[in-house]
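Residue numbers (the UniProt record's numbering), protein chains in the order written: chain A, 1 to 810; chain B, 1 to 810.
Errors might be hidden in some of the hints.
Copies of the same chain look alike in the list, so a pair counts if it fits in one copy or across any two.
[As the list claims (entries may be wrong)] The list that follows gives simulated cross-link-like pairs (lysine-lysine, PhoX-like), each with its CA atoms no further than 20 Å apart:
1) K77 <-> K441
2) K52 <-> K283
3) K160 <-> K181
4) K441 <-> K481
5) K52 <-> K181
6) K603 <-> K722
These aren't lab readings, by the way, just hints derived from the structure by calculation.
Protein chains: 2
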Amino acid sequence: MKNNQFARLKPNLKTKIAELKQINFLNQSSLSLTDPIQLWRELVVKAFPQAKTAAVQTTKLASLAATETETLLDFTKNHPITSTAFYNVALQLLDFIADTDFSLNNPLEFCEKTQLPCQKQITDCSSVISAWYDLLNTQNKQGQLLLDRLAGDGYFANWKQPVTRPLFFNGKAQPIFDTTKLQRETVYVETELDTDLDGKLDLVKVDLIRPAETANALKVPVLFTASPYNQGTNEADAEKLMHKMSVPLQHKQTGIEDLTSDDGAKSTTNVAPISREISDTTKSAQETFTGEFSYRLNDYFLARGFAVVYSAGIGTKDSDGLRTCGSIAETIAAKNVIEWLIGDRPAFVSRNSTQAITAWWSNGAVAMTGKSYLGTLATAVATTGVTGLKTIIAEAAISNWYDYYRDHGLVVAPGGFPGEDADVLAQECFSRKQTGGDYLKIKETAQQQLAAITIGQDRNSGNYNYFWDQRNYLKDMQHIKADVILVHGLNDWNVKLRNVYNTWQKLQALPIQKKLILHQGQHIYINNLRSLDFTDMMNLWLSHELYGLNNQAEQVLPSVLVQDNITPEKWLTTNRWQSSNQALPTLNLAPNELKVGKVSTSKAHFNDQLSPEKFEKYQHNLTSWQHDLLTNGSPLENHRLLFKTKPSNHKISLRGVPQVTLKVAVNQNCGLLSLMLVDYGVARRLQESPSVLSFRGIQLGYNWQEENAVDFKLDAQPSPWKMITKGHLNLQNRQHPWQVDELNPNTYYSLTTELQPMFYQLPAGHQLGLIIYATDFGMTVQGNQNLEYSFELENCHLNLPGCQFENAFS
Amino acid sequence: MKNNQFARLKPNLKTKIAELKQINFLNQSSLSLTDPIQLWRELVVKAFPQAKTAAVQTTKLASLAATETETLLDFTKNHPITSTAFYNVALQLLDFIADTDFSLNNPLEFCEKTQLPCQKQITDCSSVISAWYDLLNTQNKQGQLLLDRLAGDGYFANWKQPVTRPLFFNGKAQPIFDTTKLQRETVYVETELDTDLDGKLDLVKVDLIRPAETANALKVPVLFTASPYNQGTNEADAEKLMHKMSVPLQHKQTGIEDLTSDDGAKSTTNVAPISREISDTTKSAQETFTGEFSYRLNDYFLARGFAVVYSAGIGTKDSDGLRTCGSIAETIAAKNVIEWLIGDRPAFVSRNSTQAITAWWSNGAVAMTGKSYLGTLATAVATTGVTGLKTIIAEAAISNWYDYYRDHGLVVAPGGFPGEDADVLAQECFSRKQTGGDYLKIKETAQQQLAAITIGQDRNSGNYNYFWDQRNYLKDMQHIKADVILVHGLNDWNVKLRNVYNTWQKLQALPIQKKLILHQGQHIYINNLRSLDFTDMMNLWLSHELYGLNNQAEQVLPSVLVQDNITPEKWLTTNRWQSSNQALPTLNLAPNELKVGKVSTSKAHFNDQLSPEKFEKYQHNLTSWQHDLLTNGSPLENHRLLFKTKPSNHKISLRGVPQVTLKVAVNQNCGLLSLMLVDYGVARRLQESPSVLSFRGIQLGYNWQEENAVDFKLDAQPSPWKMITKGHLNLQNRQHPWQVDELNPNTYYSLTTELQPMFYQLPAGHQLGLIIYATDFGMTVQGNQNLEYSFELENCHLNLPGCQFENAFS
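Pulled out of the complex, with its shape left as it was, chain A reads as follows (with noise of 0.2 Å):
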């Protein structure tokens, strides 16, 4: 266990009194006590929230072990106060074990190891109040903080009066709402599109959830999470759609995309529908709803003073319109339901009707938030600059959707999703048909919308082309107004890491707050991970940017915010992803070798061709595949490059873009690489997926919504080696994804190309290793073609702009 808190605030003693006083751990009775023990003695009494007797309390003073021998009853009536009889009760009461997790006699050198906040002198009255105060801020076992615990077991819930406006604690709104009384209406957005082409503006399906207390004049902030599958997703349609993989690769015409005009693909548009006639406003919805398919965050938060809104968007189900898979319209359809939460826009009580309703209860501040799909819509609506957003923070976003289906003029699948493109994906989300009756009207349309993705996806070419630039964020990144968080997983194949760290660059030179979080897992929400209080985190964000709380939250938090993947539960906090210290080393090929310095000539080869069944097990089994990819001696021993470096002599930050330089030919007139960088090197390395810690053991409110809590933990094994980043290109594409070149058979062409992004610390003693490959069975087209591909090794190299390496390899 390592304690790791970037959202506490560390007041002064007179701030810290009078927090205490307002969550009422304080009164003017305890503040005039002189006796610490006694001070002590009824704080703790306060940790027991479900006691509700003082018989019952004392039972929980007994239940404490204050020191070796003694109960926290019986050392309070025999002793003065020490720091070590308060952090061994500070310690049970986080759910520390003692004898098991700390020891009795110690609790100090446990919080020490831990990082666990402590003060070394506990004496009087004033260093009870503060050490008190801290360890409510602290996290417990299951990463939760002591205050929220308490809050879970009812320390809040047992104010009788009621709440009128949010508590503020330690920079944090606190859970004083009352989650069984929340409301749960449904209204219908008018947007300022008619993607259906039916000569009426789209309406969408907005799903709100508020604090009952806005009934009594409270304005509430908005966390607004634009999810296309909140309503349903059709798999079935999705499953069929699928893509073929097993196709082979093959050769392009010569050309540049023209990124002006759609052939093909353009949607015919029809004359401009006009607003619904609005008869009469209502504040009263007329239609409620269940079993949200809540964010767990989300949820934190409607128990704290803020109201949650889902809506799928065009072509969901209950909603006008359709899904185009990452189009403006899309990004629009969003926009315009922060509009109406502002009060720019109107909405419906129901589908058909002309009783407009408004957010009367909006304070107009709005979040985005969400991962994946919905971390994309959250960054594709920041583009907008729209009025009102004042936030977004963006989980696992893509950030233009050719870096999400395409590579370098190729095919590359999310990873885990083969076959998967944007069509697919827009019919998978097109949750509107399951609305039978509705879908019988737009049907055809709908059918015609997917054949025009289908066509400008255009699979056959794998080029940047005009369908892929309108879905492009990256473009717009100028506009941005709100402040940004950025989360990605340092080990997503599905969002790979370009498409944040392309965001990130562009951020730079925007006039907003902007903060990264990087850490080691793949395609999943940090929200419940209890080496990083993400959580808290966030609250301390939001409540500054939708509460207006001047809490230093944009100081307090780190700009950048990366997870070791050495050390578990350690994080490194920076300003840059690539290190400022430029060194800019290059790593020449040579036959097996990968090094600094001079090479001499010389020519390396390898042929894509499997023998069937070898071509067949792959591609149902890719965990040998990539086993056998990575291992020297293996059955692709012929069919790859492998080179590594000399084992280094310390460890490597390696940060940023790896760029690989070769010069290559093919022995017909199309061809692929893939290539991947490899930490070489026996470690128990952190697993890529979390493990529960505590199942169900994070409780975000009394009787409310509940978490588990979850962590990375080492492999039990040892591993060999680990892929650190890979990229992939087609040779016709070597200039640019939009431009496809000729490639003649068996000719040597010079080409630079970039991998994904990484941060990556390789181990002292590891070796650097790159593979030159083709068929990546788990993101390529796989043709098993006879790809015969050459190499002049001297005119090979990888720059690894922003690392640090020198000597390490020599």
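Put chain B on the given structure of chain A with help from the hints.
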């Protein structure tokens, strides 16, 4: 999708009308309608409880397709009712998707294919009512009854009258209770034990949740889950205590265990403690709790007029006493909780109070629920014959702890937990340690008790002894008075099949109701399995058992319900585990062959010792070991014997307990054998773990807990084999687990041993295989000893009593 509902009642029209009136689907006005289409429309409108006004209801009618061209809204204006239109709408209400799951052209075909109940003719009001009633009782795409789904959408929440009693529909209690008002109370039941030897009777903490409506004279039955894990576990301690598996098998002294006395491990008892004096009695608890680690089946019943009680028992957090892993004391402590629930025993408001509190809200009818250790305690308590316990639903329950940790004189770990034993589990569940102040007082006693368990379990011998005999509930099954439902996974190698098989056999003689459900899972709950209406069955059962509802549950539910292992979503009903037609065939062993009929004299042998490299590899990679063990020509070729039948010419039902007779010699004075039955034949088989079909897709009430819908899918790829069952024995225990015989080196001994019970369909064309081996890397000790096993094959055979397969292999 296949519909398998066993809890659906089929009442006559009169009853249907009466019940529909009771739940407000019909009233005088709708019953006076003569136009079936108008009645239908009114019923469908009620299926949208989220729509609060007529305007919204109209949009909902428009959202349903009645035919290929018309919405329900249009259709009801223009046409008479048809069964096609009725079931088109019905299927959409069940969340099936027109055009994807079924064709609007022919919904009845889909119903037939999926076994969904439907009426061919729907022409008048009576047929509409009848079909609607059936529809409400039909499971939707997620496996949830439509009425339960509507309840989740707010159907019952819309009623304004106060709830005074449970509401039953189709024989099952409905979720009409307000779960936001559930009362959570903690009390301390005084047991009849003093296991921590402090001279005072042990109190055990009881967390109870009851409907708020009990405040108004409603008495409710109780679902009681005795879960030793419920208050936390000592994972770290357990890990430290885990026994080493890489130890050699050792020779044992011959002899017979004395089952009547406990040498060394007997707990000392002190002077009989006396009951706590009661000063006064209250109805009000003084302590509450949150974040109960609930069983979702219990949560489901909390919305339906049942209370739920959790008690972790002696030696757990906030309770007195010590853990003793399945001892009689643990049984008694749980039994004592029931005695409190029926008014026969006091509980106190806190651990140090003399104020008693009664279960004044209890109707005195109790069911015990839970899986694994929890189901074990349910079984154990049932053997006490305690009054008030009406039924148990024992899932994956242990019936004899020897069958959990041992097999025929051998230490045999539960699958997935090598090195675990009774002492490890006792310490793991000893969560009382986590109340640090409390632990100070009993540390020493607890350590002595733990040491006694380690001695008692006698890992060195592996024999059935006094310790295990004390933990064998089979001895007391004749005392069971409660009706019993047994649930077990046919792939459960944690709690092995012998446990449930033996219980089932014992129950046959008892004048109680008993039911058995065998599913294809491992050690899992099945309340959320889509292909079976388990939750509904339990509702039917508990409405009958605990509320005395006359719903024919005993007759309606099948005696034995078994999930098929070949076809997904197929359940077989039968009356017995073994086939009634006992063909008693014998399969003889010949070199590499298993055959009916004569075999000639021959010997076979294998040596268990592996190269250190292979040995180490298998220790860390069970999948690879299992693969090599079952595969011809693998590196294990000379380390095991493999016998196969000819391919079967028809499907064979393999049921009951396989018996293997061997004539075997070993080259040393100790030896162990493992025996495995295998289905050989390339096929796509059911996955052993269910997949999530719909994440959080089932609502257990209105804005109440959610559950995933899951089911077993077929593996994407075919596999060459599947283990059917296996068994193990120590060659020195060839007669009895409590009897150690001499084993002279190189001397042939005859023995007959039993494998774990099975219920398996061997498909036509497959071969039945028998593997004889020694070290089981998943379960036995691993000494890698030079043990050479020899067999006189002509004296070896496999008997499958209760299986029918005459002429199958000829």
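### Message
Within a copy, between copies, both or neither: which one fits K603 and K722 at a CA-CA cutoff of 20 Å?
### Response
Neither, since 27 Å and 49 Å both go past 20 Å.
### Query
When no copy is specified for K52 and K283, does a C-alpha distance of 20 Å or less occur within a copy, between copies, both, or neither?
between (40 Å within a copy, 14 Å between copies)
### Message
Please sort K52 with K181 into within, between, both or neither, judging by C-alpha distance up to 20 Å.
### Response
between (24 Å within a copy, 18 Å between copies)
#### Entry: Same-copy or cross-copy closeness of K77 to K441 [CA-CA at most 20 Å]
Answer is between: at 18 Å across copies they meet the 20 Å cutoff, but 79 Å inside does not.
### Message
For K441 and K481, with the copy left unspecified, which applies at a CA distance of at most 20 Å: within, between, both, or neither?
### Response
Close neither inside one copy (39 Å) nor across copies (62 Å); limit 20 Å.
### Homomeric proximity label, K160 with K181: Cα distance no greater than 20 Å
Cα proximity of K160 and K181: in one copy and across copies (15 Å, 16 Å).
Of the numbered hints stated above, those contradicted by the structure are hints 4 and 6, listed in ascending order.
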